[in-house]
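These protein sequence lines map, in sequence, to chains A and B. If you count the first sequence from 1, you need to add 1 to reach the numbering used here. If you count the second sequence from 1, you need to add 142 to reach the numbering used here.
Since the hints were derived computationally from the structure, they do not count as laboratory data. These numbers were taken from a predicted model, which means no experiment stands behind them. Where a beta carbon is used, it is the ideal one built from N, C-alpha and C, also for glycine. Hints should not be assumed to be uniformly reliable.
Some chain A residues close to chain B (C-beta under 8 angstroms, calculated; not the full set) [what the hints assert, rightly or not]:
(1) A415
(2) N664
(3) T666
(4) L669
Footprint (simulated), chain A over chain B, 3 or more residues, beta carbon under 8 angstroms [claimed, not checked]:
(5) 154-163
(6) 235-246
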Amino acid sequence: MGLLRGIGIVVLCTLGLTFAALGYRHQWTLSELPEDPALEELSYPVSIGDYRAGTSESLRFLAESWPPGTRLLILDADGEAVVVPTVRRLGTAGLILTGLGGTVFLAVAVGFFAPRLHRRGIGRFFWILFPYGLSIMLGGIFFPRDGSALVAFLGFLQLACLAALPVTFLRLALVFPQRAAILDRARWLIPLLGVAAAGLVAWQTLVFSRYFRGPDPVHEPALGPALGAADLFIVGLTTIGVAVFAVRIRKLELTRERDQVRWLLWGFAIGAAPYVFLRTLPDLFGLPALMPDHADRLIELAIPLAFIMAVVRHQFLDIDVIIRRSLLYGLLASALIGVYLVTGIFFGQWFGEVPGLAPWVLPIILGLGAGAGFRPLRAALGRWIDRTFFKLAHDHDRTLDRLDRALASAGDPAEAAAVLDEAVRGALVPEVMAVVLRDADDTRISGDLASGWGDYVLRAAGVGHGLVMAAPRSTSLPELEGDDIPLDLLEEGFVILQPLHGDDGIVGVILLGNRQTRRRYLDQDLAFLAAAGRVVGRHLHRIDLMRKVAAETLARRRLAELDRLKSDFLAQVAHDLRTPVSGIAWSARNLLDGLAGDLNDDQVRYLDSIRSSGAHLNRLVDNLLEISRMENARGRITLADFDAPVPWNDALGALAPQAAAKNVTLELEGAELGQPVRGDRDKMVEVTVNLLDNAVKYTGPGTTVTVTVQPPDEGFQAVEVRDRGPGLRGQDPARLFGRFAQGEPSPHSSRKGFGLGLHIAATYVDLMGGSLDAADHPDGGAVFTCRLPLAASLSSVPDQGDPS
Amino acid sequence: MKASLLIVDDDPVLSHALADRCRHWGHEVATAASGEEALGAAEKQSFDLIVLDLGLPGLSGLDVLERLKAADCTADVVVLTAHGSLDNAVEAVKRGAEDFLTKPADFDLLERAVDRCLERRRLAHLSAVLPGPEGAPVIGP
């Protein structure tokens, strides 16, 4: 579908351009009667040979049928004869202006709009400019006296173009930039106008062909109304179109759309209104034209310009590409017209005389040839345009592409600097050049600058607020130049400093100099340099990020490795300690149980101490193991419901020998208040044993350690452990629960733990969603409060007593 | 109930203390200080119960366990180790250990484990010896 459409457009454009060229050639031989006072005195009807004319208007029509320079013998009704030579209707100026105007219209339509017909909203511009340009190139061609089919067709084509123009213009006014509501209410409007235009064309064709087949006053009355109707059609629809534009422009909310319509309005106001209102309108009432001949051709050029601006304001086209492509297609269209003109003018006659070759064969052959040659011609022209008009920008763009690709594989700043150095040297050919890059805390210099300059250059570049710095008379842009390049850098030959921007300010500088040749850098060169700076800055940022990520990954891996080693070490130590601990515990137990004979009381007491110390040692080892496992403890917590006092009872049992050895009484109060709580039953034993162990450790001999179960409160159940020791002594509870913290050494105990117990307890309680706090008791000693959330079945209905 | 026990531990202190304790409970006790020695002893004599350490020089406890089971040794094995991790316990039970205790296990706990094993052996022996369509009714609950 797209291909068919493309072929259709190419064929249409080729044929249109061919006909335009043929029509334009024909305009060279158009003649008219000069302004001769003798003609005014004629009494009508007059006759020229066999032909008769009833009015001066039809006489002029008639006279156009003879070539310029023909001396016409005109006989009037009174029998008086006047000899008037016909003159060329378009003088040299007229021909040039007409050719120029028509060519610009067609070149814009074919060159600018035809290639973009697949874009929405472009067709409407094409369908105005194309027939407009064609009608200019075919101007003034009517049906020939000699009955030439080609000329008759061209005349018909001109009438058709002229009739179609006001319809397409009014339609544009109604659909641009948005479809007016009236088009939906009156769908028949545009088709109806199309039918009217077609009717007008048919009417004019009929009248003209009949008139020129045998000009006679009999057919004359029909001429006037047909021409008048056509003029009225043009004037009327154009007026309405301008009015519609003017009304709609106020309803547009988007500035961009208002801009676009304004361009169109101005284009038509300047380009077409004078033709319509100063020439056609007076003509309609038989008045002389109010503007000089052919002036409209110049003025009309405002229309294609306005159309281009309206499209460019759409901002969906890259301006640079627009300029290149338009130049390309414009040149192509002009070249085609030129080819047709030359062929038509110089060989047309010859072609016409070839026996058996009808005149219409020529346009077809030319069209086919142009179609076949279009693509290679376009490619060759495109290359030529890029090389000729956009050479520097073109080369620089390619260098930038290559630079970007080369930098993508650069792994460190030194490599990047080398790549940049090579690219800039290749593109700008400086006599001296250097690249300074900041690399971590150091600077890296490549090129024609000694190391040691790095920081100096970076500081110097910072003075220019990150903009390029250029010495006087070093560029084609004096407004960029200044005196801010330090003298010693100028003495080294550098005249341009282009900073490279990274994420955190200036990360480098490109220095350039042309000391000997004093060649100035063009704006394209500077644009290239700035773009290269941006590209390098981006890649330096990427390299920096890559390095940081790599370093961080390595550091994290090392940390993880160290952590693993530490855990492994702790576990190994703990495991190894268990063997001697077992030896102590078992041997003492064997002795105590009398396996080695009876013991006296002192021996039993000492053995008890050994056993108790062994048990304590074992708990410390357990804690060490717990710490080494703690890293991934979160995953090991298994929550279940259990009665709050249960783990405390276990702990009281486990600590009983130790407490007894120290003559400490262990109490549990308020066990009846205990509710089901949610936590890890096994870990809770660790918690309670550690808390009680801590309490027994710090409380004085002969005192009591009290475990009190508190009533549930706000979804939590608290259990307090109170000792009669020295208290916290102003220590921060948070620090107390830290990994290797330990309270002040107890005066009642010479034992020292690793300080791990409280840390383990706090960590586990925290993982279970509870909390562990420590405070001084008002009556002395410390109170540790362990809170655990109540079991789900309880906490989901807090404080909701049954009203019955 | 008297039974024959083999205690496998490379630490002579532990081995000695444990052996004394088991004799105190009334069992016949032999000791082995390495895996190879334990396998040799098990080959020569049939034990009711083997108390096996995991961290042995040479053959590891788990290897010994596997070889014992492969050699159709009828003795039950109770693992008693200082390396009491969950992974080790699972691995030991997979390879046929009856129980898994960590050092320093309380003697009371150890005694219960030993008695449990011996009781199970006794019942299994009964059910194998006594005739009957089903073993269960004869033994009772």
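Checked hints:
Annotation: interface hint on A/A415 violated; nearest CB of chain B at approximately 50 angstroms, more than 8 angstroms. Hint on A/N664 is violated. Least Cβ distance to chain B is approximately 23 angstroms, over the 8 angstroms limit. A least Cβ separation of about 24 angstroms between A/T666 and chain B goes past the 8 angstroms threshold, and the interface hint is therefore violated. Nearest Cβ of chain B to the Cβ of A/L669: about 23 angstroms, over the 8 angstroms cut. The hint is violated.
A count of 6 residues in the region 154-163 of chain B with a Cβ less than 8 angstroms from any Cβ of chain A is obtained; the coverage claim is therefore met, three being the minimum. Counting residues of the region 235-246 of chain B whose C-beta lies closer than 8 angstroms to any C-beta of chain A gives 3; at least three are required, and the coverage claim holds.
Checked against the numbered hints given earlier, this structure breaks hints 1, 2, 3, 4; the rest are met.
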